[in-house]
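Given chain A, put chain B in place with the hints provided.
Listed below, chain by chain, are the residues.
There are 2 protein chains.
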Amino acid sequence: MADFQTIARQFVEFYYNTFDSDRNKLSALYRDNSMLTFETDAKLGTKNILDKLTGLPFNSVKHQVATLDAQPSNESGGILVMVTGALLVDEEQRPMNYTQIFQLLPDGTGSFFVFNDIFKLIYG
Amino acid sequence: MADFQTIARQFVEFYYNTFDSDRNKLSALYRDNSMLTFETDAKLGTKNILDKLTGLPFNSVKHQVATLDAQPSNESGGILVMVTGALLVDEEQRPMNYTQIFQLLPDGTGSFFVFNDIFKLIYG
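Chains as they are written, first to last, in numbering that gives the first Met the number 0: chain A, 0 to 123; chain B, 0 to 123.
Excised from the complex, chain A in its bound form (with noise of 0.2 Å):
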C-alpha cells in the first residue's frame, strides 16, 4: 500500500477535482458517520454533507492548493490532511484563503472515506 503523504496527495488531487467539476460525485467520499464542519455549519452523514456541499450558492468554484501536510492519525491506517490554498468562484476576480483537514480512514476494501472534514475561510 502507498505511504500516506502518497494517499493525502492523492486524495487531495482527486477531491478538489472532483469538488471543483461536479460536488455530487462527493457523495463516493464520505459514510454515514462521516463529519463537515463547514464554517460555522455542522453536518452528519453522507445526504446532509452532500445537501450542503451542492447547494453552496455559486456555479463554478476553482481550489488551488498552497500547502498539503499529513501525518497518521492512528494505528489503523487513519490519515490526518491539512490543506490550506486560494478558492475562485463565478466571476470573482478575487481568491479567497481558506484552510481544509481531512481525516481520512480506511474503509476495509483498500480505499479511504472522509470521516472529519473542516472547512474554513480565512480572512484578514
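Some hints here could point you the wrong way.
[As the list claims (entries may be wrong)] Listed below are several chain B residues computed to face chain A (Cβ distance under 8 Å; list not exhaustive):
#, residue
1, T36
2, V64
3, M81
[To be verified] Which bits of chain B does chain A cover? Going by a derived footprint, with three or more residues having C-beta under 8 Å, they are:
#, segment
4, 66–80
5, 96–109
6, 113–121
If you're looking for bench data, these hints aren't it; they were derived computationally from the structure. We treat Cβ as the ideally placed atom computed from N, Cα and C, and that holds for glycine.
Showing chain B alone in chain A's frame:
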C-alpha cells in the same frame, strides 16, 4: 466527562496561554509518539517537539484565536481540533495569520495529550 467541544476549548486556551508564557511547559502535553509538523519541519516525540518549539527565533509571542472547531476523531474519545488565528512576535506590529490543528487523545488518566499537531502560517 465534559463534551468534546468543552475539552477542545479548554485545551486551546491552556495551550496558547502556556505557549505565550513559558513554552518549556508544553512538554506535559506531548508523548513519545506525538507528531508535530511546524511549517515544513516534521518532529516526532516530546523531546524533538520541545526542542523545536523552544528554539523558535523569537522571545515573546501572543496568539489570538479567531475560530475554533472540533469533531470527535474516533470512538475512543479522540478529538480533532482546528484553530485559525493571528500571532504577534516580539516588537512586530503586524500580526501573522496562522492555522493549527491538533488531534487530542485520552491518556488513560482522565487527561488528554496531543497526538497530532500541524501548524502553518497563512500568507497573502
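task: Enumerate the violated hints, using their earlier numbering and listing them in ascending order.
output: 2
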